[in-house]
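**Q** Listed below are the residues making up each chain.
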Amino acid sequence: MIWNETKECMSVDEKMTLQSARLVKQVDRVYHNVEFYRKRMQSVGIEPGDIKGIEDLPKLPYTTKMDLRDNYPFGLFAVPREQIVRVHASSGTTGKATVVGYTRRDIDIWAECVARCLAGAGVTSKDIIQVAYGYGLFTGGLGAHYGAEFMGATVVPQSTGNTKKLLTMMQDFGVTAIACTPSYLLHIAEVVKEEGILDELKLKVAICGAEPWTENMRHMIESELRIKAFDIYGLSEIMGPGVACDCEFHKGLHVHDDHFYPEIIDPETLEPVGENVTGELVFTTLTKEGLPLIRYRTKDLTSIEYGTCDCGRTQPRIQKFKGRSDDMLIIRGVNVFPSQVEAALLEMGETTPNYMMIVDRVDHQDTLEVQVEVDESYFDDEMRGLDNLSNKVKSVLKQALGLAVKVKLVEPKTLPRYEGKSVHVIDNRKLD
Amino acid sequence: MAVKQVTVFIGNKEGRIEKVTEVLKKNGINISSLSLAESVDFGLLRLIVSDPEKAKDALKDEGLSARLSDVIAVEISNEAGSLHELLTALVDFNIEYMYVLSSADTASMIMKIKDHAAAESVLEAKGFRVLAQSEVCR
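Quick note, the sequences are listed as chains A and B, same order. The opening residue of the first sequence carries number 212 in this note's numbering; numbering runs sequentially from there. The opening residue of the second sequence carries number 67 in this note's numbering; numbering runs sequentially from there.
Some hints could be false.
Said to hold, decoys possible - With a cut-off of at most 20 angstroms between alpha-carbon atoms, the simulated SDA-like pairs for lysine to any residue come out as follows:
# : chain 1 : residue 1 : chain 2 : residue 2
1 : A       : K617      : B       : K85
2 : B       : K85       : A       : L626
3 : A       : K510      : A       : S536
4 : A       : K510      : A       : I476
5 : A       : K307      : A       : E558
6 : B       : K85       : A       : K510
7 : A       : K619      : B       : N78
Quick caveat, the hints were computed from the structure, so don't treat them as lab data. All figures in this text were calculated on a predicted structure; none of them were measured in a lab.
Extracted from the complex, chain B is given alone in its bound form:
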């Protein structure tokens, strides 16, 4: 049960992230979480949105480079030690990157793991709840 993440390639200069949020706003697309990976000359903006397909197409129509990729969203309780428990369950997996989707009451981790399917089975076997697209953003 993969969640679709929108990844946007952005040049490292003024106004580029604003361009992305402008396009999403115009198309009525809600963002529930994001992370920005940066290098010297460019960045990758990763977004969890309400309608990933529509977001990707809208961004591409505006001349931005966007693509979809599969990530895992896992629910964890919003209390001390819960992230550690999750990572202990995944200790044999190589996590490429992760970021958080959290409020005062609930939390979930968005994670990119090379062996996606196997990680998902391990998480479910250990009692973690893996979230569907509709549960991470509406």
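Same shape as in the complex, but just chain A:
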């Protein structure tokens, strides 16, 4: 079902007119309300009057996660703080989080976008949906929640952590839809199998996101749980989940480009590239009030396909993600930068700063092991000292990353180095 046919199936010409009008207004707003954008535009000799339509977008400079960090926490907000009704936060590259803010209208638009995604997956107001993303600063939980509520479905704000309880409620409530990470859903599927309760479930659809997944994983989820599974994409800087979503034809993620204008650029030359060419995904928020972002570099590598989809939607479609142009990892839906591990170890000061992150997927769940080199200044002759050290590193990293970590202490100078520089990540997950 198509939730907002006017916008989702708008003709290309009409869409461009709408996008142009919105961009002109947005650029004017950020120029006058956000010092950072004013200075950035002045530095390249651009004034709001130079932006007459969406075709002028490439004239504008890019915005990066670093810019968000430099203006931490509220420096890029385009409205007085009193008009912000909610903030969310995600991992920054070091200690400081990336903070985003929403006005009431932003929250409404976000909810409507999520409702479009849910509708595309076949969810209706008659459904009962478990939201099993984390609730809190992470946008996943509340984002999906507001969208489902906006649509009029019955929401069970399950959050994450207790699979047995989730399944009990799924059975007892007759839950028909679930929103969670694909790897968590695979874990749920395993437990369902173990308990032999598949026949007791009324589940028919899953909306999965917050981490990259493959067609294989989708097929596995669909056959194990006898449901339909759909992909949803988003990032907190732009909005949260619901920036783009799958339809029943699975031909890429439809971008809600009346609100979020996508471009693909070459991450080296920073020049826009054509249709179906892989590059870095860049978004401009056309309607966002709280934290408008102009040409925000997502660091996600993908390509875009244009043209009308078999479902009738005319929106551009993001193809499968091919990785990142930075070193960010997504582990159990949590964004993790190696530099966070390094900063936490240095701050703790009880090991060498040499470390290696080993990411794997065991029984469909992501695992993160951090190997840390210790030398004689950090241990004594008793095992207890090392156990304490290992536990301390574990808790420091859990604090820093928001993720449970397995810690392994290793001998000094045993972690691989590449031309004197440490290699920090081994990702053994197979995503092909």
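Chain B: place on chain A using the hints.
**A** Using the frame of chain A, we list chain B on its own:
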């Protein structure tokens, strides 16, 4: 009168203990006793050697993590009940770990006790002979 023990941090994988004995051999260092404490991912190899300082430096030069710590070496007779007598004398002390240095005729216990000095006084007062470095390894 403390005895210096060399403690080496070793990863739990093939050939690491052999690496330690190789370095000691190369440097002409004799080992008279050792113990290995192991955990899932790593171990601590504790050694009583002829020249602890030289052993530590040689191991570090080869990229291993080694350090020195003080332990007590106590002579006991090599007959039934002697270890029990020793432990009875130390019943009020918390022994972190211990291992043995023994032959058919003599025996001594290498012990790590938190309150090192007090334990030593108690042992001497009760007639035990606490050994010097030169008596445990040459």
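**Q** Now look at each hint and say whether the structure bears it out.
**A** Comparing the hints with the structure gives:
no., hint, result
1, A:K617 with B:K85, "27 angstroms, violated"
2, B:K85 with A:L626, "17 angstroms, holds"
3, A:K510 with A:S536, "5 angstroms, holds"
4, A:K510 with A:I476, "10 angstroms, holds"
5, A:K307 with A:E558, "14 angstroms, holds"
6, B:K85 with A:K510, "45 angstroms, violated"
7, A:K619 with B:N78, "11 angstroms, holds"
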